[in-house]
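Protein chains in written order, with the working numbering: chain R, 808 to 1287; chain V, 808 to 1287.
Just so you know, these hints were derived from the structure itself, not from any lab. Just so you know, not all the hints are guaranteed correct.
Any copy, or any two copies together, can satisfy a pair, since identical chains are not distinguished.
[Unchecked claim] Listed next, the in silico DSBU-like pairs over lysine-lysine satisfying Cα-Cα at most 30 angstroms (straight line):
| no. | residue 1 | residue 2 |
| --- | --- | --- |
| 1 | 1003 | 1028 |
| 2 | 935 | 1050 |
| 3 | 1050 | 1273 |
| 4 | 948 | 935 |
| 5 | 1050 | 1028 |
| 6 | 912 | 948 |
Since this is a predicted model, take the numbers as computed values, not measurements.
Protein chains: 2
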Amino acid sequence: MAEPAPFLYRQLADMLAGQIRQGLLAPGERLPSVRALCEAHAVSLSTAVQTYLSLEQEGWVEARPRAGYFVRVRPRGAECEPAMSRPQMVAREIAVAHLALDVVKEARRPGVVNLGAAWADPRLLPLKALAREHAELARHKPELLGVYEISAGYPELRRQVARHLQRAGCRCAPDEIIITNGCMEALALSLRAVAKSGDTIAIESPTFYGVLQAIEAAGMKALELPTHPRDGVDLDSLEQALKRRRLAACLLIPSFNNPLGSCIPLAHRERLARLLASADVPLIEDDVFGDISFQWPRLPAVKSFDRAGNVLLCSSFSKTLGPGCRLGYVAAGRYADRVEHGKLLANIATAGLPQAALANYLARGTYDRVAHRASRAYYRRSEQLRHWLLECMPAGTRVTQPQGGVVLWVELPSHVDGVALHDAALQQQLSITPGVIFSPHADYRHHLRISYGLVDDAEMQGAVRKLGVLAHDLASRRSS
Amino acid sequence: MAEPAPFLYRQLADMLAGQIRQGLLAPGERLPSVRALCEAHAVSLSTAVQTYLSLEQEGWVEARPRAGYFVRVRPRGAECEPAMSRPQMVAREIAVAHLALDVVKEARRPGVVNLGAAWADPRLLPLKALAREHAELARHKPELLGVYEISAGYPELRRQVARHLQRAGCRCAPDEIIITNGCMEALALSLRAVAKSGDTIAIESPTFYGVLQAIEAAGMKALELPTHPRDGVDLDSLEQALKRRRLAACLLIPSFNNPLGSCIPLAHRERLARLLASADVPLIEDDVFGDISFQWPRLPAVKSFDRAGNVLLCSSFSKTLGPGCRLGYVAAGRYADRVEHGKLLANIATAGLPQAALANYLARGTYDRVAHRASRAYYRRSEQLRHWLLECMPAGTRVTQPQGGVVLWVELPSHVDGVALHDAALQQQLSITPGVIFSPHADYRHHLRISYGLVDDAEMQGAVRKLGVLAHDLASRRSS
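So here's chain R without its partners, still in its complex pose (with noise of 0.2 angstroms):
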């Protein structure tokens, strides 16, 4: 592990800004006093003033003289957040396919600073362990090369899995797992299964583009709903929907919406699943940023609410242990059997050694805490870079404040183009993602996606004033 274990008090920030998070500490309450905090926590006098300190310069508190520090009623910089999202909620076929394959590419560029690729950061993962594990297993089980795997995978990483899931609040029987090649693969099979060419899937606006190429390769339909910066997609929309239309699936990034990293609240995933098991539509859940949480424990998934069989869970081990193992899969409830059929057609099964090494690795239960410590640096870089956003783009532009995952959401005053500014950068040799590509027709289009997964703070700075230099430039160009 590359990242140290962070100091004292910023572990006692991190506990109380999830105290806050979670509603245990109400807005407008009162803190402990300074030396009551170094007594409840034996700590020194200054590390209970840096946490306070750090609190305050986050937006979770406020000092107020002579009365200490209260729960601020709104974080900091809420003013700053763009609006609930308004599309028009008409069913389309998508159209930004190859513009998104061009800016995939353009991120792999050697010499790119990437702000641009929603990727963890190798130095938060655990590679060597990884490896270890890998190695192992091909000096005493080369024979796990000379045979097909089963379709539905490595029987004990299905079982590890069942039990891995117990984390987001799922019971899970081994049988509805069925062991992909990471997420992308998790998504595409599962909307084959509840769906077909000509259907129309609900999904989030903005989403990630791979979901929406996932659609259109599959010959369905997009219908866009109004989804809020901060607490994922309006149910109530939904619900309306639901009404007037026939959906044949839902797929929704409840933990962590990306691009905006909204996260969808606790008393809402009971209503979204029961919603939708009433409406016999299934869900495709995105859970593949879910273990990045920065409230710790993680929210429960929405699957843990389903009683049906009705959700599928897509998820890999991509952001916390290792992209390339091209490890994910899908909890499939009563589609299980279609999803395995899809599977087998695919490409028959994943390979089986890095299945069995990734279950050994699971197994010795290191999984949370490398997952933990992941999460707060990347708490740590979204917050650095929502800051130096705020402060380096031009006068107007709002920033989401991302619940988790290693991507937050831009948007510019309406007279910067975020393709313009796409272009720019990237001949300074800087890569972001333009927000067109985040919805079927092109929409967002003075929005970016910027991604914290690969930066770390020091770079951070340098990369965010080299982006408001070019934001301002544009901006002046345009009203000028």
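Fit chain V to the known structure of chain R by using the hints.
Same frame as chain R, but now just chain V:
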């Protein structure tokens, strides 16, 4: 390698049989005398005698009293081969997917003697050498687990595959190679790259059920072409079909059709490539068994005659190195960009570490030796299996004479039902594949595919005897 070096007489017999297959020794031609053979190859008299006895037994040559040995005008058993298939040439939707899935699952039951699956024998695969490459990379390049590999594939493997394809007479640039999770994925991506839902794909009849299911999953229709049990697809019929209707693509298994074991002769290959190029209809060439060839060196692939980038050659290393690696490829010609895009949507990229391991293995240059040795073993098994089938099955049974691969095709007397025989055999712990799943609408009701991939000579005789008893039983029940 579990397979020992063959006896000298066996090597000599294989070489002569190869010359007969290639037409270097013509039907009716007189072979060198036993003594001349001794001198030409510096072998003992008994080795030379044993060589001719083997060739006679296998039906390649015949002894004429006091005149010596002559190449047989028709190899023994040609009269026992099935006739050319005569499918209705109508584009049809496919409806056997679920039956095929059941058959695949049954073959995995523990304790079953597996004559059903067209898998390679792990005893003939270089698993330890492959595993060593995996272990080496896991130790020295754990960073491979930390990144998404490029969608098109690990660059060094693409280069090695391009080199590898020279064996099949193909000059491919590494740029047109897309690495996939095995050959099934290569086929599925190729279909979606050249055709869309509702389009018609021309195929052999019978053909691999995986091909049928891939066409079905993509929402396409299949047009079956008459196919010869030895020479493969009938080009005159294809030519007519091209004139009469719009075909989106042709998906063929020229070397060696599964289930027939047929092989399109060299002269036909060039004509096939020309026919399709001039009609501007792409060919998806499934070459997964191409290197398990009973003629050595193997015939050039149809792609080797392609000058227009019109052929997408799909293959894998599952039959010669190890199916557990799940590594295949498309040499996609002018469709490379489309296949790469499909790969990105399907699962982003194939895992990097196994790709790097395979690249290192291929660089060692032992592939040819391994594939040749396995091919010789499968050739002997194919001859044995054919012999036992003609001996044990009811009169009127016809059996193909595979030119490569690990399966052959059995035509039972018309009153013996293939599915009933499959069911009865499975009750006796013996798996075979019923013929019905090799056509879009369950034709071939009194046919079977039998694999010699997993059973060695010792197991084979008992299994076929058992199958023969069951078949005789079914035949007599029907006629009584």
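Outcome of the hint check:
For the homomeric pair residue 1003 and residue 1028, the shortest alpha-carbon distances inside one copy (10 angstroms) and between copies (16 angstroms) are both at most 30 angstroms. In the homo-oligomer, the alpha carbons of residue 935 and residue 1050 never lie at most 30 angstroms apart, since the shortest distance is 51 angstroms inside one protomer and 59 angstroms across protomers. Proximity of residue 1050 to residue 1273 under the C-alpha cut-off of 30 angstroms is found in neither arrangement, the shortest distances being 48 angstroms within a copy and 61 angstroms between copies. Within a single copy, residue 948 and residue 935 get their C-alpha atoms as close as 19 angstroms, and across copies as close as 9 angstroms, so both meet the 30 angstroms cut-off.
Taking the shortest alpha-carbon separations for residue 1050 and residue 1028, only the intra-copy value of 18 angstroms comes in at or below 30 angstroms, while the best inter-copy value is 35 angstroms. Taking identical chains as interchangeable, the C-alpha atoms of residue 912 and residue 948 lie at most 30 angstroms apart only when they sit on different chains, with a minimum of 24 angstroms there against 37 angstroms within one chain.
The structure fails hints 2 and 3 (numbered hints given earlier, in ascending order).
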